[in-house]
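Assemble the whole structure, with the sequences as input and the hints as a guide.
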Amino acid sequence: MRPPEAVLEKVPSGITGLDEITLGGLPRGRPTLVCGSAGCGKTMLAVEFLVRGILEYGEPGVFIAFEERPEDLAKNVASLGFNLRDLEERGLLVVEYIHVDKSDMEVAGNYDLEGLFLTLQACIEAVGAKRIAIDTLETIFGGFDNHALLREELQRLFRWLKDREMTAIITAERGDGTLTRQGMEEYVSDCVLLLDHRIIDQVSTRRLRIVKYRGSTHGTNEYPFLIDEGGLSVLPLSSLSLDHEASRERISSGIPRLDVMLEGKGYYRGSTILVSGTAGSGKTSIVNFFADTTCRRGEKCLYMAFEESPSQIKRNMESLGLDMEKWVREGRLVYHASRPSVYGLEMHLVKIHKLIRELSPDVVILDPVTNLTTMGSTTEVNSMLVRLIDYLKSENITAMFTGLTSGHQTNLEATEVGISSLIDTWLVVRDIEVNGERNRGVYVIKSRGMAHSNQIREFVLTSKGVDLLDVYVGPAGLLTGSARLSMEAREKADALSAEQEIETMQVRLERKRMAMEAQWAAMQADFRAEQEEAARFIEQKRTARDRLRQDRLDMGRKRRSDLFLEAAPEGGKER
Amino acid sequence: METEITSQSPDQESGEELFELKLYVAGQTPKSRAALENLHKICEEHLRGRYRLEVVDLARNPALARTDRILAIPTLVRSLPTPISRIIGDLSDEDRVLMGLNVRKLR
Numbered sequence: 006m007r008p009p010e011a012v013l014e015k016v017p018s019g020i021t022g023l024d025e026i027t028l029g030g031l032p033r034g035r036p037t038l039v040c041g042s043a044g045c046g047k048t049m050l051a052v053e054f055l056v057r058g059i060l061e062y063g064e065p066g067v068f069i070a071f072e073e074r075p076e077d078l079a080k081n082v083a084s085l086g087f088n089l090r091d092l093e094e095r096g097l098l099v100v101e102y103i104h105v106d107k108s109d110m111e112v113a114g115n116y117d118l119e120g121l122f123l124t125l126q127a128c129i130e131a132v133g134a135k136r137i138a139i140d141t142l143e144t145i146f147g148g149f150d151n152h153a154l155l156r157e158e159l160q161r162l163f164r165w166l167k168d169r170e171m172t173a174i175i176t177a178e179r180g181d182g183t184l185t186r187q188g189m190e191e192y193v194s195d196c197v198l199l200l201d202h203r204i205i206d207q208v209s210t211r212r213l214r215i216v217k218y219r220g221s222t223h224g225t226n227e228y229p230f231l232i233d234e235g236g237l238s239v240l241p242l243s244s245l246s247l248d249h250e251a252s253r254e255r256i257s258s259g260i261p262r263l264d265v266m267l268e269g270k271g272y273y274r275g276s277t278i279l280v281s282g283t284a285g286s287g288k289t290s291i292v293n294f295f296a297d298t299t300c301r302r303g304e305k306c307l308y309m310a311f312e313e314s315p316s317q318i319k320r321n322m323e324s325l326g327l328d329m330e331k332w333v334r335e336g337r338l339v340y341h342a343s344r345p346s347v348y349g350l351e352m353h354l355v356k357i358h359k360l361i362r363e364l365s366p367d368v369v370i371l372d373p374v375t376n377l378t379t380m381g382s383t384t385e386v387n388s389m390l391v392r393l394i395d396y397l398k399s400e401n402i403t404a405m406f407t408g409l410t411s412g413h414q415t416n417l418e419a420t421e422v423g424i425s426s427l428i429d430t431w432l433v434v435r436d437i438e439v440n441g442e443r444n445r446g447v448y449v450i451k452s453r454g455m456a457h458s459n460q461i462r463e464f465v466l467t468s469k470g471v472d473l474l475d476v477y478v479g480p481a482g483l484l485t486g487s488a489r490l491s492m493e494a495r496e497k498a499d500a501l502s503a504e505q506e507i508e509t510m511q512v513r514l515e516r517k518r519m520a521m522e523a524q525w526a527a528m529q530a531d532f533r534a535e536q537e538e539a540a541r542f543i544e545q546k547r548t549a550r551d552r553l554r555q556d557r558l559d560m561g562r563k564r565r566s567d568l569f570l571e572a573a574p575e576g577g578k579e580r
Numbered sequence: 060m061e062t063e064i065t066s067q068s069p070d071q072e073s074g075e076e077l078f079e080l081k082l083y084v085a086g087q088t089p090k091s092r093a094a095l096e097n098l099h100k101i102c103e104e105h106l107r108g109r110y111r112l113e114v115v116d117l118a119r120n121p122a123l124a125r126t127d128r129i130l131a132i133p134t135l136v137r138s139l140p141t142p143i144s145r146i147i148g149d150l151s152d153e154d155r156v157l158m159g160l161n162v163r164k165l166r
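These protein sequences, in sequence, are chains A and B.
Numbering-wise (the working numbering), the first sequence opens with residue 6 and increments by one.
Numbering-wise (the working numbering), the second sequence opens with residue 60 and increments by one.
If you are wondering where the hints come from, they were derived from the structure by calculation, not from laboratory data.
Virtual Cβ for every residue (Gly too), placed ideally from N, Cα, C.
Treat the hints with caution; some may be incorrect.
[Stated by the list, open to error] To spell it out: a stretch of chain A is covered by chain B in this simulated footprint if at least three of its residues, at any positions, have a beta carbon under 8 Å from a beta carbon of chain B; those stretches are: (1) 125-135; (2) 427-433.
[Claimed, not checked] A short, non-exhaustive set of chain A residues, derived as facing chain B with CB atoms under 7 Å: (3) D117; (4) L118; (5) F532.
Structure (structure tokens):
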């Protein structure tokens, strides 16, 4: 992939984002051309390139100003937080104003610009500069008539800068249909940046594009950039690589039952969570519970509110038993409220970036993210969110967005911002409208990397907080709210009576058994009685028969009967 | 130090002002030599006795380019009479040199 010989060496510009899209910075020891129309930020870029070089990379710099006087320049960049005078006094920076005025100069014969070279030389040597910015070199064309000579001299200048291994930024005005008015791009062939300043829908957007970067791959898109108190920030459209470390740590959503739906552990740290739903479905509540639990863990939370003022959010959350004010006082929670229309999208993004850099929060909340769509086209919002999510992921910051979906329930799962593919965990809160009342249901559409619940839970807001209840799912369909309550009551009653019936049946059976047993006992008693009677009868009869025979024998003996002799053995036998 | 002073004693009788001139060159380039020759000729012809000329070789003293704000080489600076005026080039165009010096052409 990388050529084995002579890899172009790069030097970080120090400008936020620029080094990312150039994959390392500007070509070391070579001139870079920065072109753009008036007021697009060329000078600011050049100044920041030098100041960052001095402050962050220990490379002294020279600023050659053809347009602005050093006093004006110092004043202008003071608003970016740069103190040029101080750097000059410390011997790290030279700001040299070169005034070119045709009117106080008579041209009489051939000349060259050796004096300019010597001036540059003197400035470079004065501080041992490694970086130089020349703003705006083309002004020189206004001072001298011999353009053929100027071109020659400029070409010589670029060679001269290269020979001295100066990392240079040369700014140039944009021409009509060309990158620069004087065709400077022909001389500076290593790296050309184009700055642009557009007004779309009354909102200005600055953009930067790398037109050319010889010997290096680079982002080819137009990257929005901003100039604010912190200097320039170029926003990489998307990280060129998807290599952020994915955390395995889980963090609670602040709602126990919701955690249960997410494998009982909650969200992944560093993941991106979208809570979408219709108006009034409780998105902000879910989000604030998450913010609350974040602060409770002792972490920091940044809350970008695009719809409600912080005091309104705090008041509303009080009704759910959340004391957000406490976290604000402790500095763990920062609400940053702004109307989306206040700035352009890029400004919002940079504002967020900036706040994140300042606060280093663990959780960032955008509520609601869909309000930003009022600001730009869907693709713009989308690209902004891609960039934001990339950034948050690279910082391992957990992000939670809320998204308003408009009315139609069929469309609930289509976020109009179209960011679903970027989302790791997606909760949908929806109204369930049955029997003349609306109830809230919440379910997890997706949650990457975990076996989440597929169930719809009823989402109940009470003064004690948020609770999720199982919805009633039965033959009558899915019921929530009072319908669920009444169905549950009815079921309870049904269950009760069934219980009673069983009991009754059991009692009856028992009774029957007892009756049966009693009968059985009576019959047995009868039988025994009969048996005894029969035995007695038989006994009596036998006794009577024996006695009769005995009597007869006795009588026979008395009469000396012959019969007695015959019958004697018989009777003897019987006995 | 490395400047060459070519000065003629000022001739005050005509009542005309003294011209103080500085010629910036960079080394012994053909342009530098031509400028010096041309300047000598012009001065002798038009400003005889009332000019002072200093030649500054920036090749030997480069820092002066920055302090004296010299971009083009050669540059001729007239510091007196005021206001300061500058003429750039090898001074081959005599008319323009005189115009730049604000000297009326003789003849």
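Evaluation of the provided hints:
1. Note: the segment 125-135 of chain A has 3 residues with beta-carbon separation from chain B under 8 Å; the three-residue rule is met and the coverage holds.
2. Under a criterion of three residues with beta carbons nearer than 8 Å to beta carbons of chain B, the stated coverage of the segment 427-433 of chain A fails, only 0 such residues being counted.
3. Here the hint on A/D117 is kept, as its CB sits about 6 Å from the closest CB of chain B, short of 7 Å.
4. At a threshold of 7 Å, the smallest CB-CB gap from A/L118 to chain B is about 6 Å, leaving the interface hint in force.
5. At a threshold of 7 Å, the smallest CB-CB gap from A/F532 to chain B is about 142 Å, leaving the interface hint violated.
Checked against the numbered hints above, the structure breaks hints 2, 5 and satisfies the rest.
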